[in-house]
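Q: Both chains are sitting in their own frames, so use the hints and assemble them into the complex.
Keeping their order, the protein sequence lines are chains A and B.
Each residue of the first sequence is one higher than the one before, starting from 34 at the first, in our numbering.
Each residue of the second sequence is one higher than the one before, starting from 389 at the first, in our numbering.
Just to be clear, a hint being listed does not mean it is correct.
[To be verified] Okay, derived cross-link-like pairs now, DMTMM-like style, lysine to aspartate or glutamate, Cα gap no bigger than 25 Å in a straight line:
#	chain 1	residue 1	chain 2	residue 2
1	B	LYS842	A	GLU110
2	A	LYS131	B	GLU627
3	A	LYS131	B	ASP649
4	B	LYS599	B	ASP582
5	A	LYS131	B	ASP626
It should be emphasised that the hints constitute simulated quantities derived from the structure, not laboratory data.
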Amino acid sequence: MTTTPNALLHRVAETTGREAVHFTLDGAPASALSGDTVLTAVLTQCAQLRRNEFSGLPRAGFCMMGACQDCWISTGEGERLRACSTFIAHGMALVTGKNGA
Amino acid sequence: MTTTTGELRPVVVGAGPAGVRAAQTLVAHGLRPVVIDEAPRAGGQIYRRPPAGLAQRTARTLYGFESKRADALHQAFDALQGRIDHRPDSLVWNAQDHQLDVLHNPTRGTSRVPYSHLVVATGATDRVLPVPGWTLPGVYTLGGAQVALKFQGCAIGRRVVFMGTGPLLYLVAYQYAKAGVQVAAVLDTARLADQLAATPAMLSQPAVFAKGVYYVGWLRAHGVALHGGVRPLRVLGDEAQGRVTGVAWQDGNEERMLACDAVGFGYALRSETQLADLLGCRFDYAPLHRAHLPVRDAAGRASVEGVYLAGDGAGIMGADAAEWAGERAALALLSDNGVAVDTARAAELERRLDRITGFRHGLERAFPVPGDWAAHAPDELVICRCENVTAGSLRRTIADAGASEMNRLKALSRVGMGRCQGRMCGVAAAEILAHATQQPLQQVGRLRGQAPIKPIPIRLVPAEGAGA
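Excised from the complex, chain B in its bound form (with noise of 0.2 Å):
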């Protein structure tokens, strides 16, 4: 407790809901962080702001019922100008002896921050269970339709069906259909009755509830079809060609098949755990979240001393959870460091943030992931799209080479070892993995993170051993 804040240098990566709250609950302290973000304005994927000439439409448009919240959040990141380091386009690649390493995404310019604190506030993706014909141009997930509209006002087609489970999936639909764009049908892997036995958990959150249940009557009020409790077979399209034409899903013991020209699909979302991987935090498996994350006290420490952890980064509660989780992230670092700070606010903030791990279960019994996807899966089907590996192929690899570890089975296979890192294949290559060797998820482990965490041009990666 003998620093005083002249010596704390403070970095905070990524400016959504969580880094914007921890950087301001910094600043509010005395301290001047470096806010390092990969977007050209801060907010997040869910905040974010379109580019400065597409200003036709108003927040209301923009953010619908969160609108109030996207603008509080902008403003005050506005207000820190002049009292941050902000470092937009940005993208921190590498994380080793308390400094960071980042790439100027519009100069290709790389630099070295070091930090004497970090908070890591990376958000999340989509997570994708991927689907026979997913490769198609023209389809997208649900985020990446969502970004497409917001940010560069644009629909992903003229005619779309909105595949997979989770709250993104009426909320998007919903977006487009306001946006004027026909919405073919909604098809929900969960069922009717799986969103019922939730109610009583999500009644926990009324206003978030009552605005899932909005979206959801404003789209059959409207006319777009609802499927529940479907299986998604495929995308259908010419390959070669390179175009959407349909979609095909199992309906009880029926098939159907709908016309459109672009689909969006999803199952929730998946954090970016990989900063927090290659600081050396540790790892446990979260049954809520199906997942290995970074573990976090209910401050935001993680098992590293001087990194925190907060937002959708760390497990997926949200976009106001990432406020809170930000803001008492920030908190914890000053306390750590012999600020005095508001420990009542802080109480406050944990007891929030504990409040809505209920809602959390009430979604995920609301929006189960399909535990039968792997067994259906098949053999054909392409699970890495960088690097084209299919089902088929990470079962004979598992079967022959007996790999039952996912960093095995990517030292075989090559899944996971594409551009994406395994962002856009690893949640089902875990799951094929589980299936065949008849493991529990959480014995199969975890994709290891490795530097460059994202594609940076090859002549800024240092040689081996070369240090700084």
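The shape of chain A in the complex, shown without the other chains (with noise of 0.2 Å):
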């Protein structure tokens, strides 16, 4: 199992043979495999996609299956991407609001 100490997703399987898929992750570079969803990339490194509108407090997706819309997270030019039905790409910016945003 590969773990990152705040990640909220663990690797447990697939972890060989992938490419590197270069992104930001609040402000700072981050790295995740090809094949991985937006949600992957992210919580494989930190433990929130977003905050939710009306608590405020953070929120990590649900349903893991494009029905909950619980797992948007921002793009740095503000587009809203669903994270578990979108796969990173290169060069993609994403917030999470985790630094209190």
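A: Have a look at this one:
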């Protein structure tokens, strides 16, 4: 099992033979593996995707199948991506709000 | 019966077990259906395929006892390439006047797809009855926990508790343990006595029953704690930090706690019925499913001419039944248009579907939805995770405004009005409303589906009355 201290998700399979994909997470350089969803790419590094607009509390998705709409994440340009059903791509800038934003 | 097949423009929505078999059957009779599916690759949720680059695991690892069926379904679909118009990554977000509005997710491009006939095979999601703390990061549905593993090779935590009830509870726990993840416990709201009482009915599908017994036995043999008859009390954790630290549950008169860093939970499945609703299909309350479902005949014909329903989207009957129902619905579509079909095969499929109903009743007895959930739901419990609507605010709205029907409750409280459109909260809100007004569940009605049935970029929404 590969693990990052603050990560929510942990890789337990398919860990080799995949290309690295470079993106930025809250402004800092980060890397994921090709075939990762945005959700996987982010939550293998930290523990949230966004904050809920109503409670202000962190959220990290729920259904993983495009139904609950809980896993939206913002891009640097202010676009919203549904993290569970969007694949990570080179150069994406993703913003979780984990630093209090 | 004057139509020729050349005039038919059948569209299949959903490429899970039902949609794939429907498409295959249409192709076998000379038609070229459009197949629209939200996923990048066909298979549905149960036979979901990992992205192309994640190829290290065998079908046996990914799908366990189901690997032969998964392989067969994937191969059947792959063999259709070139003979169908496959639209992957595509969401049907509206339906009117024999046209579907379709959003292609990766490009955000939108298109209109006309149809003469429609096979609706929209599948299911987890049935959720919230527990305090369920909005913490690290809490996922059972189906979600399974998708993380199957589709992404990831576990939702290092030490996971699985909670709720239904066949998926033990299956997902087993899959996690097999993948090397520590399963801290399986907490089942059903009692062992429920499962024993259901055994005779479940033996009508001995192979499926045997698999369930196997998972439970395997977990027990590998030292995983299994607790039955529990009432989940809360997921413990730090809301501000957003981390799960454990779960608490009621076991008889005793409150118990266990440390973990993630929770998978759910209470079997619920049907995705929004498209059938937009199409104007008639719904009835189905006691077996504790839900209002689109009505269909034994072959899958909906109340609206030219619309056929198949698979879990029209009532949870499982993947095998979905394959049969998809094929049967396609045969009905064909014969309704004067195409000669194998009537003996159609009759055989209907017999199989009828037989599985007895098993389905057994499952409901083995894994009953906790009937006292609403009575125990505390006022501060968040029911709608989109807009943070609590059980207490629902109860106040019901008492103050006299709301006794779901759409009225939605209008007044905003429950079901958020981005998920009630997919996650609708079941729980109906239970709260029925309990608070002392009505049977069937009396409170159902949330009406509305376009767009999932969020789409705002620029795509046509102005009211703008027409095509």
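Q: If you draw a straight line from the CA of B/LYS599 to the CA of B/ASP582, is it 25 Å or shorter?
A: Given pair B/LYS599, B/ASP582 holds - Cα atoms ~18 Å apart, limit 25 Å.
Q: Do the alpha carbons of B/LYS842 and A/GLU110 lie within 25 Å of each other, as the hint requires?
A: 22 Å, holds
Q: Checking one constraint from the list: CA of A/LYS131 to CA of B/GLU627, max 25 Å. Satisfied?
A: 13 Å, holds
Q: Within a Cα-Cα threshold of 25 Å, do A/LYS131 and B/ASP649 meet the stated pairing?
A: 19 Å, holds
Q: Is the Cα-Cα distance between A/LYS131 and B/ASP626 25 Å or less?
A: 14 Å, holds
Comparing the model with each numbered hint stated earlier shows that all of them hold.
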